[in-house]
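Student: The whole structure should be built from the sequences, with the hints applied where relevant.
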Amino acid sequence: MVNGPGPVWVERRGRLERMETSLDTATIERLIERVVGPLGLRIDRSSPLVDARLPDGSRVNAVVPPLAVDGPCLTIRRFGARRLTLAEVCPPGVAELLAWAVRSRANVLVSGGTGAGKTTLLNALGAEIPAGERVVTIEDAAELRLPGEHVVRLEARPANAEGVGEVPLRHLVRNALRMRPDRIVVGEVRGPEALDMLQAMNTGHEGSLSTCHANSPADALRRLETMVLTGSVALPLEAVREQVHAAVDLIVQVARTADGWRGVVEVAEVDTVAVAHGDVGWSRVRTLADRTGLTHLPRRTPRRLAADAADPRWIVRAPASVRP
0 MVNGPGPVWV ERRGRLERME TSLDTATIER LIERVVGPLG LRIDRSSPLV DARLPDGSRV
60 NAVVPPLAVD GPCLTIRRFG ARRLTLAEVC PPGVAELLAW AVRSRANVLV SGGTGAGKTT
120 LLNALGAEIP AGERVVTIED AAELRLPGEH VVRLEARPAN AEGVGEVPLR HLVRNALRMR
180 PDRIVVGEVR GPEALDMLQA MNTGHEGSLS TCHANSPADA LRRLETMVLT GSVALPLEAV
240 REQVHAAVDL IVQVARTADG WRGVVEVAEV DTVAVAHGDV GWSRVRTLAD RTGLTHLPRR
300 TPRRLAADAA DPRWIVRAPA SVRP
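The numbering of the sequence shown is numbering that gives the first Met the number 0, which starts it at 0 and goes up by one.
Everything labelled a hint here was simulated from the structure, so no lab data went into it.
Don't take each hint at face value.
Okay, the calculated beta carbon distance ranges per label pair [what the hints assert, rightly or not]:
| no. | residue 1 | residue 2 | range |
| --- | --- | --- | --- |
| 1 | Asn60 | Arg11 | 32 to 38 Å |
| 2 | Glu154 | Ala25 | 20 to 26 Å |
| 3 | Glu237 | Leu30 | 48 to 54 Å |
| 4 | Thr113 | Leu236 | 25 to 31 Å |
Since the structure is predicted, the reported quantities are computational estimates derived from the model, not experimental observations.
Here a beta-carbon is modelled for each residue, glycine too, at the ideal position from N, C-alpha and C.
Tutor: What follows is the structure, encoded as structure tokens:
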């Protein structure tokens, strides 16, 4: 990370470290051009921001004046070569719950803040998708690396310097429905594409996965509502909440602590729609696990599964303290 003229910063294991290297403005500008130029992108005062994917899968974000007030900034996010497993990022018993949910085609939403490990967990969840299923992943910048022979990766395209040529996530989600997917994985929902994702989950594409920025499972549901309502389709709030409740089965909350630890801090299932403020309902969540491990067994999810769903044999091994 380069914040402008001065030191270079590196994040390792969740902690920021100041390097001995120091860069001046001219060096940073040359470095940005060397990184961005081969991608066919332009960055200057008229187009002062670039967010893109490097050939090795790393993410690069560069900002120059006048947007960057104190000088050009550069951020490169590199991803480890080894994919973490569910057992490495989940409390006791939770990995089995999530693996069973994915194999049983539950719709799972991963929620958390920036740098909390949402993409890492999404990769781990995707590794549990049975072999032979056709999976279409849709992202702003392709970061997911799912195993399997039938994985198709789609990446949104921003508008060029003339403001044309944009292909947003919403168009890709709609197109994915025509690609005979067994599952759709949306790297992150941020806007109106949330409606298309919910409709896909509700129309024969169970087992889909996605992430969003939110501070809790309940907040994630409200965020989905807000994103749908920002779209061009005018829907009453009650209809939006019914869509959310019908589509989402589990919400997995991830977080990054002060000591650099990243992982799952809560798993919740979407419970009944309670009536509040007249006829408008809101979706409640029921916690199934926290940082200490499994606390409750799911109620809703098994009832939505097909008759040939994966057998939840892990329930037999659940501690006696875990309540239905």
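Student: Indicate, hint by hint, whether the structure satisfies it.
Tutor: Results for each hint:
1. Checked against the hint of 32 to 38 Å, the pair Asn60 and Arg11 fails, with Cβ atoms roughly 19 Å apart.
2. A hinted range of 20 to 26 Å is violated for the C-beta pair Glu154 and Ala25, which are about 32 Å apart.
3. In this structure, Glu237 and Leu30 meet the distance hint of 48 to 54 Å, their C-beta atoms being roughly 52 Å apart.
4. Between Thr113 and Leu236 the beta carbon distance is about 28 Å. The supplied range of 25 to 31 Å therefore holds.
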